[in-house]
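Those protein sequences? They're chains A and B, same order as listed.
So the first sequence is numbered by this note's numbering: it starts at 1075 and just counts up by one.
So the second sequence is numbered by this note's numbering: it starts at 359 and just counts up by one.
No wet-lab data here; the hints were simulated from the structure.
If you're wondering where the values come from, they're calculated on a predicted model, not measured in any experiment.
Positions of the beta carbon are idealized from the N, C-alpha and C atoms, including for glycine.
Treat the hints with care, since some could be wrong.
[Unchecked claim] Where chain B lies over chain A, by a calculated footprint (3+ residues, C-beta under 8 Å):
#	segment
1	1117-1124
2	1145-1154
3	1336-1344
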Amino acid sequence: MLHRESGVFKTSYAADMALYPLPIARWTVAAVLVIFAVVLPLSLHEYYLSIINLVLIAIVGALGLNILVGYTGQISVGHAAFMSVGAYTAANLAVHLHLPFWVTLPAGGLMAALIGAIVGIPSLRIKGLYLAIATLASQLIIEWVINHTPAISGGAQASIEVPRPTVFGVELKSQGELYFFLLAFAVAAVIATLNIVRSRIGRAFVAIRDQDIAAEIIGINIFRYKLLSFAISSFYAGVCGVLYTYYFGIANYEAFQIVVSIDYLAMIIIGGLGSVLGSIFGAIFVTMLPIAIRILVETFGGYFWDTAALSAVAASMRLIIFGLLIIIFLVLEPEGLNRLWRNIRNYFRVWPFSY
Amino acid sequence: MWDEAEFAFALLVSGLAIGLMYSLIALGFVLIYKATDAINFAQGEFVMLAGFMATTALAAQMPIWAAIAAAILGMIALSFVLERTVLRPLLGRPVVAVIMATIGLAAILRGLPPITIGAQTKALPLPIGDEPITLWSAVIPPVQVVGVIVSVGFLAVFTWFFLKSRMGIAMRAVADNQQVAMAMGINVERYFAIAWAMAGVVSALGGIIWGSMLGVDTQLSLIGLKVFPVVILGGLDSIVGAVIGGLIVGVVESIAAGYLDPYVGGGTKDFAPYVLMILMLMFKPYGLFGTHRIERV
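Chain A with its partners taken away, still in its complex shape (with noise of 0.2 Å):
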């Protein structure tokens, strides 16, 4: 990731799909885990480890979705409401059962993968733009059902207070606490995620996303591989939800409307479709760029707007970036941020020479 490399000498296919392409990047992962877990925690503030809170959450969902769209290139408008099928489902379990989060958990992912799977069989049938309606379709129907059916939703709020996970005895309140419980997840995501990929699993789903039929004739079985990304990535997707509850305390089916299914979707264009690092830096920009539009708002927006509606001001400035911002990338850099940082990598890997 950071280190510079002084050429390629890999002999084998198995040296090339390895995790760790070269020794040092072992240490470059420990490093990197080692600011993560320990200086990071011990030195920000409260107010900053709330966001970067949030921003492995939503790594967690954003990889969910670049398995769908951006290695098996199936389009999903509606991974907004997967999410909100894990955050219902362990809130139940949780308050109804009492069961701890190592249950519900699980059960939230599984549920949410249940529901993917079902929502993924028309995409044998149907593709591309048929899929995207499809799905949005899903996203409306979810939505409505669980608002409208007390037995899930828990009454006319349509929210349910869910108690704060217990890890080892201890109830993880602090910001701080949290911090560790999200960060495990968010590093569990990601090592799963890249074992997905460069797995027979994962070669299918790539296989799939370039030519499907091709990927027929070679004997991959397309309703097979395409079910299966459509769970995995809802899995993702119901944990995201369960964690945002877990966090927030709450689950509310605002948090999971049609609006976070295009963050989502931003998150992915933005950081880079079929890349992991993309689907990090995807979920840091996207979490990070509302507070920044907020705060410029507030700071410079009274001299065009009126004071009191600058917050409407704020979601609406929000809406325009991020619409700016996929065209912009969809025209100009198709490969997000990623491939910025790959070029940035290239630059210097031969600095102080051009080539």
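Given the coordinates of chain A, assemble chain B onto it according to the supplied hints.
Same frame as chain A, now just chain B:
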């Protein structure tokens, strides 16, 4: 018994009237898809923006006909600009890229009105009076009558346009195969721009009619979500399909709202069309009148 028949008739008529107004919005989507193969997820936002253009013109003391003309011209200009800057660079890229670009476009267009002309709902009164028309048990507000007339008019005009006019035939050729159309001397890029401009005109009228019925604010863009069931039911590239699909969605909505709402506590109107659409996608993805596309390697 007689009461029930009256109730059902009222539901049916109001469903048909609303359905034709949905068709009007869907027509803009179908025109763009038919001619350029691009999917416009921002159709609802186009309609909303047309409404805002008309209300802004009215606020500037323009007479109503000038406001309508301003909205139409404004939408044509906007369509040209968007086609040039957003859609054309994406020519030949995967469908998914175009879909996401129009989703981004929708976000931008939805964010613009609140920071420029304010988010409060504005009225868009049309000079047609407010005496409703009674048809046995059904009561139709005059704005819906205008909507029905405009929709039927557009249907007739576009049917003639695509079947008989030179331009319409060229546009069908472009939609069928861009390369062959180019080889036959058709200026493909010009026809893309014309198709977007036509969709702009349809959206402008849709925005004015829907805006005068519901009031103009950012919520008006939600009407765009209704476009998808309509075009999937009718077939994405069929103008007749857009009309029939609109009628089906309108009637299904109104009947679901009339008969199911008392049991589930409301809101079936926003839900039933999507269920219908999912079923359609599973069994007949090209819709009632859409062209079947066969993929060969």
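The hints, checked one at a time:
{"no.": "1", "hint": "1117-1124", "verdict": "violated (count 0)"}
{"no.": "2", "hint": "1145-1154", "verdict": "holds (count 3)"}
{"no.": "3", "hint": "1336-1344", "verdict": "holds (count 4)"}
Hint compliance for this structure: hint 1 is the single one not met.
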